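With the hints as constraints, model all of the structure from the sequences given.
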Amino acid sequence: EHPADLVLTADGAALDARSLRLVARVLRGDLAPDALTPLDGPLPPDLCLDGETRRLASALAVTVGRYEGAASVRVAVPVPARDRPPYALGALDGYAVFTADLSPGRTVADLLATEPTAPAEGDDPPGPALVAGDAHGDGDGPAGLPTDPDALAVPVHQVRFVREQLAGGAPNTPLSALDPLNSAESAEQAQQAKQAQQLALGTPHRAATAPLRIDEVFAAQVAARPDAPALTAGSATLSYAELDDRAEELADGLYAHGVRPGDLVGLCLPRGADLVAAMLAVLKADAVYVPLDPEHPADRRERTARDARVRLTVDDPAVLTGHPRRPAAHRGPATGPAYVIHTSGSTGRPKGVLVPHANVTALVDAVRDDFALSPDDAWTCFHSAAFDFSVWEIWGALLTGARLVVVDHWTSRHPEDFHALLARERVSVLSQTPSAFTLLAAADRTGGGLPALRLVVLGGEPLDARPLLAWFDRHPEDRCRLVNMYGITETTVHVTAATVTRREALAGSRSVGRPLPGWSVRVLDPHGRPVPPGAPGEIVVGGAGVALGYLNRPAPTAERFVPDPLDPAGRRLYRSGDLGRLLPDGTLEHLGRIDDQVKVRGFRIEPGEIRHVLLEDPAVSAAAVTVTGGASGDAAAVRIDAYVVPAPGAVPDPGSVRDRAARLLPPHMVPATVTALPALPLTANGKLDPARLP
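Quick note on our numbering: the sequence shown kicks off at 1012 and runs consecutively.
Quick caveat, the hints were computed from the structure, so don't treat them as lab data. Among the hints, erroneous ones may be present.
As the list claims (entries may be wrong) - Restraint-style ranges between C-beta atoms, simulated for each label pair:
hint, residue 1, residue 2, range
1, 1245, 1427, 31 to 39 Å
2, 1337, 1519, 24 to 32 Å
3, 1488, 1674, 26 to 34 Å
4, 1314, 1181, 48 to 56 Å
5, 1247, 1343, 53 to 61 Å
6, 1578, 1431, 47 to 55 Å
7, 1674, 1385, 44 to 52 Å
8, 1489, 1314, 46 to 54 Å
Owing to the predicted nature of the structure, the values given are computational and were not obtained by experimental measurement. Ideal Cβ placement from N, Cα and C applies to all residues, glycine included.
As structure tokens, then:
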């Protein structure tokens, strides 16, 4: 007789089967199991997992852990009814819990010594998970993986192979060495993973030309079109030659105030011609600019300036005028730093990211053809200079000969006024965070047309595409292209790009597309190994956008900027701390921050999924979700709160919104409260500001 095998089903129930061949029958519905209930009382004294069952439970836990990136996996072990044969399918007394500790340092011997325990009072069966039929082996199962969106698909042949490793491996073998993709039986799966990685890797170090400095490329635009409009702020427009002359004068002033090559210069100026000219002046002086947003509190600006050890802070450009010409000097290489932008850190202390010239010029070059960037374009400068989206806006325009339209702070906070400016200035390239674009799209319903707008770049935070359907009604895809771009300050603003279509909006796609030419993406497990296609892991970025590191912070730099083991030249990768997964076609899905994941009874809570459901409510135009209390590990302490903005003309009842969500979400993901707000609070960078939610 064959020992009992264990299978977890999509609803969290468990089966003991005579063979893994029976898995396919479960998937077809031939053996639809009843949901298990916890044991009524203590474990039977004679319950002891035999070696084969223990290995199978362990193999399933290891494989699920690999797909989930989990350090602990719970497996339901069926407890047979006392009056039935040991391997017969049928009624069960209940289930015990086999909890596999997969944390670093654990060995095969540690895992196989694990004993089942009775489930805690009120506990639910482990799940959801699903073992998929083997498309290669038994011939009686469906090819490919099941499509149940609530189930984790675990290929049978991978579970089987891990079981073989457990049976034949040395007791002191680290669990991290058990790899479902390392057997001949799973060779095709490994090949699929390799192909997906290759699609995502792109051409990591390609550059159309030799690396160039930002000010070099700008100088070429000045020479080519000196009289063309470069920048509009309010009612004034500067030509390329005028902007260049202004920057030269300010660069002379910087030299007069002691700024020398390599120095860091703080710029505390509002959005406008002076700010852009000052940025150019710093670069012309072969120095490094450090934006200090005047809208930020003074204490924060001072801390940022101290952290960067700036030579000089410019808050009034007049002090830089009227000085003698600086002596001619050789400028540094394109690989030298151009700017430092500070990002929020988990410690509460912002980290300055040091980005070289070549990264910025490579970014513009990477998208120039795909986005059809030309001198005929007009771009907005909407974002704070302390937010890296501004790097894309300012240099994307000025390095392609386009006109930059500065959006003042007041206009950036009033969507109707902003919409009017877009129409008046005939803006063709617009960059927005999804939160800010939601407000603009609402104003667009009554604000008239935007006939010149041809490209909208969305980035800075996760995108929910479904609210864009109304935008597509007014702005067809063939006239205005929407592009969702995933990016990180440490990898020079953008990493991937995905054109958003009506079809993808209807499907609720979370794809952020493929890497830009010259950038690369890998999805790795905690041990640095590629995860299987579809499995979550850490997004790791390489190629032309990787920054120089964190300013004056060697320890965090060494932790996050790591050598690329596949690159003989020793170039570095950036460990993003973001969770993502590669699909078989090589596209990337962004799943949130690794350190923000909250689980309840083994279920991962995805705030994005809750938000998706809320946004499907016709009475809701915008939504935010907060999850608190998950750090303690106490499920009872986890609280989910939702905030919704009414759709135009709608007056949503929070109770009705919650009731609808409860019909569509599993119980552990239903918000405890739903609060209606006139608008979601945004940061100065246009992102959602959770701290200001009531």
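Here is what the structure says about each hint:
1. Range check, residue 1245 to residue 1427: about 18 Å between beta-carbon atoms, so the 31 to 39 Å window is missed.
2. Separation of residue 1337 from residue 1519 is about 56 Å and departs from the stated range, judged on CB atoms against 24 to 32 Å.
3. Look at residue 1488 against residue 1674: about 32 Å separates their beta carbons, and that is inside 26 to 34 Å.
4. About 53 Å separates the C-beta atoms of residue 1314 and residue 1181, a value consistent with the hinted range of 48 to 56 Å.
5. A beta carbon spacing of about 33 Å between residue 1247 and residue 1343 contradicts the range 53 to 61 Å that was offered as a hint.
6. Restraint check, residue 1578 to residue 1431: a C-beta distance of roughly 49 Å satisfies the suggested window 47 to 55 Å.
7. At roughly 50 Å, the beta-carbon separation of residue 1674 and residue 1385 lies within the given 44 to 52 Å, and the hint holds.
8. Separation of residue 1489 from residue 1314 is about 48 Å and conforms to the stated range, judged on CB atoms against 46 to 54 Å.
The structure fails to meet hints 1, 2, 5 from the earlier list, while all remaining hints are met.
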